[in-house]
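If you want the building blocks of each chain, they are given just below.
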Amino acid sequence: MGSPPWFFRFSGAVVRWLLPLTIGLLLLGAAWGLLVAPPDFRQGNSYRIIYVHVPAAVVALAGYYVMAFAGAVSLIWRIKMADVTMRAVAPVGAVLTAVALVTGAIWGKPTWGTWWVWDARITSMLILLFLYLGVIALFEAYENKTAAARACAVLSLVGTVNIPIIYKSVDWWYALHQPASIKFTGESAIDSSMLHPLLLMIGAFYCLFALTVLLNMRAELVWNHREASWLKQMVRNV
Amino acid sequence: MSADIPLLSIREAFSRQFMRHFKALMGSPTDMANPLLFFFMVVTLFPMGLGPNPERLSVMAPGLLWVVALLSSLMVSSKLFGSDFEDGSLEQLAVAPYPLAILVMGEVSAHWLGTGLLLAVVSPLFGVMLGLPAHGLDVLFYSLVLGTVCLTLIGAIGSALTVSIRRGGLLMSLLVIPLNVPVLIFGNTAVSEAVSGGNPSTWLALLGGFAMGSLALVPIAISAALRVSLDN
Chain P
0 MGSPPWFFRF SGAVVRWLLP LTIGLLLLGA AWGLLVAPPD FRQGNSYRII YVHVPAAVVA
60 LAGYYVMAFA GAVSLIWRIK MADVTMRAVA PVGAVLTAVA LVTGAIWGKP TWGTWWVWDA
120 RITSMLILLF LYLGVIALFE AYENKTAAAR ACAVLSLVGT VNIPIIYKSV DWWYALHQPA
180 SIKFTGESAI DSSMLHPLLL MIGAFYCLFA LTVLLNMRAE LVWNHREASW LKQMVRNV
Chain U
0 MSADIPLLSI REAFSRQFMR HFKALMGSPT DMANPLLFFF MVVTLFPMGL GPNPERLSVM
60 APGLLWVVAL LSSLMVSSKL FGSDFEDGSL EQLAVAPYPL AILVMGEVSA HWLGTGLLLA
120 VVSPLFGVML GLPAHGLDVL FYSLVLGTVC LTLIGAIGSA LTVSIRRGGL LMSLLVIPLN
180 VPVLIFGNTA VSEAVSGGNP STWLALLGGF AMGSLALVPI AISAALRVSL DN
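Residue numbers (numbering that gives the first Met the number 0), protein chains in the order written: chain P, 0 to 237; chain U, 0 to 231.
Since the hints were made in silico from the structure, they are not lab data.
Watch out, some of these pointers could steer you wrong.
To be verified - Here are a few chain U residues that face chain P, going by a calculated C-beta distance under 7 Å: (1) Leu24; (2) Gly26; (3) Thr29; (4) Val144; (5) Leu174; (6) Pro177; (7) Val227.
Just so you know, even glycine gets a beta-carbon here, dropped at the ideal spot from N, CA and C.
From just these sequences and the hints, can you work out the full model?
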């Protein structure tokens with residue numbers, strides 16, 4: 000396990016059923032959320048962006064922990080596939096974080112009347128984006144890619160220890176400065192007719208995350224082993 | 000290693016490393032003065048950018064001073080391991096029969112004494128210039144003493160990660176700034192609380208806790224990062 004040929008074959012099999020599952024869940028969740036779920040009595044239809052915004056934010060945060068875990072595995076056991084995983088997760092996580100921020104801004108305009116506020120959650124998502132971009136930038140800067148992966152592993156582990164502290168500190172900072180003009184609707188008070196499609200969409204985004212990461216890893220493997228005989232053989236057999 | 004060279008105790012190894020860097024720092028006063036000058040000049044920029052209104056400046060002073068302290072700490076930390084890496088002494092340290100984390104801490108502590116602590120000592124002067132009320136000055140000093148410990152340690156991780164990269168200084172800032180967010184919030188809030196008559200001790204305690212946690216964990220990260228850099 001963990002050898003590139005094995006992983007290539009295994010991930011190929013996973014992608015074959017994960018791809019239709021992801022598309023199915025996304026279509027089902029989107030249709031349910033956008034067409035079937037009732038409009039919000041205060042926000043009307045504009046709240047429906049929640050079905051992209053919240054799943055993207057949830058998976059973006061989880062993605063950082065996946066990256067850090069892969070980093071720990073890479074540092075401790077020096078498993079090559081862990082390096083590839085870390086490398087594959089970073090851009091996906093960064094894009095998801097950016098999606099959460101952009102959809103949040105688009106949602107904020109009709110709801111709060113402004114594109115951007117320095118709210119605790121928005122600010123911590125922005126910092127999460129910086130953490131992701133830092134890992135990507137560090138990887139690109141190293142010449143030796145094995146060393147690059149280990150440097151990124153150290154950085155993402157430091158980030159993991161720091162993330163709860165960042166979140167808590169930003170929370171306290173916001174509590175001290177909270178502007179009175181903006182009121183946030185409680186998200187825990189969400190009705191089950193809206194919650195169920197949301198949970199479905201979160202599941203769909205997790206599948207999408209896994210799918211994109213696997214495809215990224217396969218692309219990286221093909222590039223790294225483009226001269227290897229096992230790969231040529233496997234391609235010929237397809 | 001030949002048998003007739005006795006092994007030092009870990010404490011001795013640490014203090015030699017500390018003294019070596021402390022003397023090097025003392026030998027080049029400009030290295031210690033430049034960050035302070037940078038601090039001074041940026042503080043001068045704020046009244047020009049924001050207007051000389053003393054009331055407005057004094058409201059913003061805690062945040063401004065802390066942001067400038069963070070930036071100047073970033074600037075000095077970015078070259079922390081640069082000369083050691085270039086002249087090969089880092090490789091010697093890595094193969095030395097002592098824990099790299101301990102040796103590195105000797106260097107980082109000397110660096111903190113010469114830059115971070117110095118910055119904290121002179122900061123009340125800049126506080127006065129920006130109109131920070133007198134009862135906030137001591138908290139500014141305490142918060143910067145604790146805060147520069149955190150900033151220096153986190154900066155050292157960034158420096159260790161980017162030391163093998165040409166023109167790594169800017170990249171180092173990109174890596175370190177997000178990690179410094181809690182330090183900035185704790186420190187800045189402590190000073191703001193003191194100025195507005197509140198109790199800053201909670202925030203100072205948080206800052207102290209962060210400093211202690213960093214002291215325990217960061218040396219491991221620095222030594223891991225340095226070993227990675229040596230492989231690049």
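Verification of the hints:
no.	hint	result
1	Leu24	26 Å, violated
2	Gly26	32 Å, violated
3	Thr29	29 Å, violated
4	Val144	19 Å, violated
5	Leu174	4 Å, holds
6	Pro177	4 Å, holds
7	Val227	5 Å, holds
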